[in-house]
Amino acid sequence: MNATDSKERSESDLVAARRAKLKRWTEELGIDPWGSRVDDLTPLADARSMFLESAADAMDAEEPPNEDPRPRATVAGRVIQHRAMGKLTFMVLRDDSGDLQVSCSKADLETASFKLASKVDYGDIVVASGPVGRTKRGEICVWADQFEVHCKSLAPPPEKFHGLTDAEQRYRRRYVDMYTNPETMETFRRRSQIVSEIRRFMERHGYVEVETPMMQPVAGGAAARPFGTHHNALDIDLFLRIAPELYLKRLLVGGMRKVFEVNRNFRNEGVSRQHNPEFTMMEAYQAFGDCETVIELAESLIRELAGGVLPYGDLEIDYTQAFDRISYGDLFERTHGCNMSDESAVRTVAAKKHVEDAATRNHWLLVEALFDEAEDRIDPTRPTWVTDFPAAISPLTRPRSDAPDIAWRAELFIAGMEIGNFYTELNDPDIQRARFTEQLDGINDEEAAFRSLDSDFLDALCVGMPPAGGFGIGIDRIVMLLTNHTSIRDVILFPLLRPEGGEQ
RNA sequence: GAUCGCGUAGCUCAGUCGGUAGAGCAACCGCCUUUUAAGCGGUAGGUCCUGGGUUCGAGCCCCAGCGUGAUCACCA
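Numbering that gives the first Met the number 0 applies: residue 0 is where the first sequence begins, and numbers increase by one.
Hints in this document: simulated from the structure, not taken from any laboratory. Bear in mind that the values here come from a model prediction, so they are computed numbers and not experimental data. A few of these clues could be false.
Here are the computed lysine-lysine pairs in the DSSO-like style, where the Cα-Cα straight-line distance is at most 27 Å [said to hold, decoys possible]: (1) 159 with 118; (2) 86 with 22; (3) 135 with 20; (4) 105 with 118.
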């Protein structure tokens, strides 16, 4: 709070200067610095492409034509560079299409407009009209014959060359990051495209997009800590969903054949370079499909999105070939030198690796704990399917009929990240009930506060869910891979940060 | 949650051995019709994250706290 005081005090000179300028404009020039509607605006990139070399040449000739042949445009943007040179002022505007110089000659503008143009600040939003031409140095620009300020920026701007570089400031003041760092704008534009392409892909394959509850009385579908909340009028506790799975499956029961949902999940876990408490996931289910059906679908989706070999940090990831495959058990054995089904061998390895409660903990939970090390053996440059997960750690997955300890489940790994899970869905209500009950047995009090049996879901399975394949993929992580960002915070517009100021 | 790093002007950063605060950009003033991160010249701008401690003296050393980044853990 002291920090805030001092910030306000030391900023005051810069803010005061801008406020004083604002006052002068309104009082002396009679200008409304907060702007108004402008029709027929041309995006800056489009205005640039309107440039006609022949027209510019004609204007530079000994005897320029009477009629100005240069195309005209009205452009708007935020001032990101400004150079006032006496009777000539140059500025560079930026909008979401790009940058373009606006050149202002005192001879072409009304006195008040020229004065305004020569005095605008970095960060102001302006509108200029005029022919698209070029300067003596060959820079394509709009030669303004009309110039207006449409929004005064009062905040002190960041340094104009480096922009905001401090990661914290970039996340906290994303709106500044966006206009000063074009890469940021590009990343989020790309994210939008990717999500849109995913939707089109799914629709093309006959999937219907749905929206299921984000506030759920029972938070199921994944093993994660949920956020809790409360509905006052009904006086009930609710959880923010950790997965949409159990609702999407209800839709299969209801008769939808192919459904998907792209939306947020919320998990009350730690934050890291790969984890934000709210993250976007796509889940999809296909009646009469299985694990293989959705593996094939997702592989072609990801290959289509990536379209080739993409850099990721220090890696080059090849999406063009069929993704690698290895079974969970093989990877385990390759890493730890024992069969994962061999309980005593697993306990021995676990004890040697100092896994907690190696002697008493459930055998398959030990296998899961040891598997982390195995994940590191996967070639990060090769998208890889890890198949045949242990049934014991896959409570919503159908066990294999030929090997009941193994589930029809695969997980996709790329660049060392878990990208998604793929299943042949469990639709036997009795086995499902048993799995849920097993899971609830022996949980501690803390977990008991948010884990409970979703009996309505079991009722739905009793009504009958067709056999199905289903999957979920992390959209943020896909965007990270496709835009070459190794921190999830760079692909989420407003990642969760602690509020500034401490104390509270 | 653990370990390590970082926090100095609005922004980007220097700051030597502990000797009392520096630059560039931005701001302000003046000049200027061809600049393109930076036209030229001048002026001003600081709770060195916060609180303690050591010391004649702390931006610098020590302790605690806050924020943040990286790695690990939990998870996707």
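- Message: Holds or violated: residue 135 and residue 20, Cα atoms, limit 27 Å.
- Response: violated (31 Å)
- Pair hint outcome, residue 159 versus residue 118 [Cα-Cα no greater than 27 Å]: holds (17 Å)
- Message: Given the hinted pair residue 105 and residue 118, is their Cα-Cα distance within 27 Å?
- Response: Given pair residue 105, residue 118 holds - Cα atoms ~13 Å apart, limit 27 Å.
- Task: Compare the distance between the alpha carbons of residue 86 and residue 22 with 27 Å, and conclude whether the hinted pair is satisfied.
- Result: Holds, at roughly 24 Å.
In summary, the one numbered hint that this structure violates is 3.
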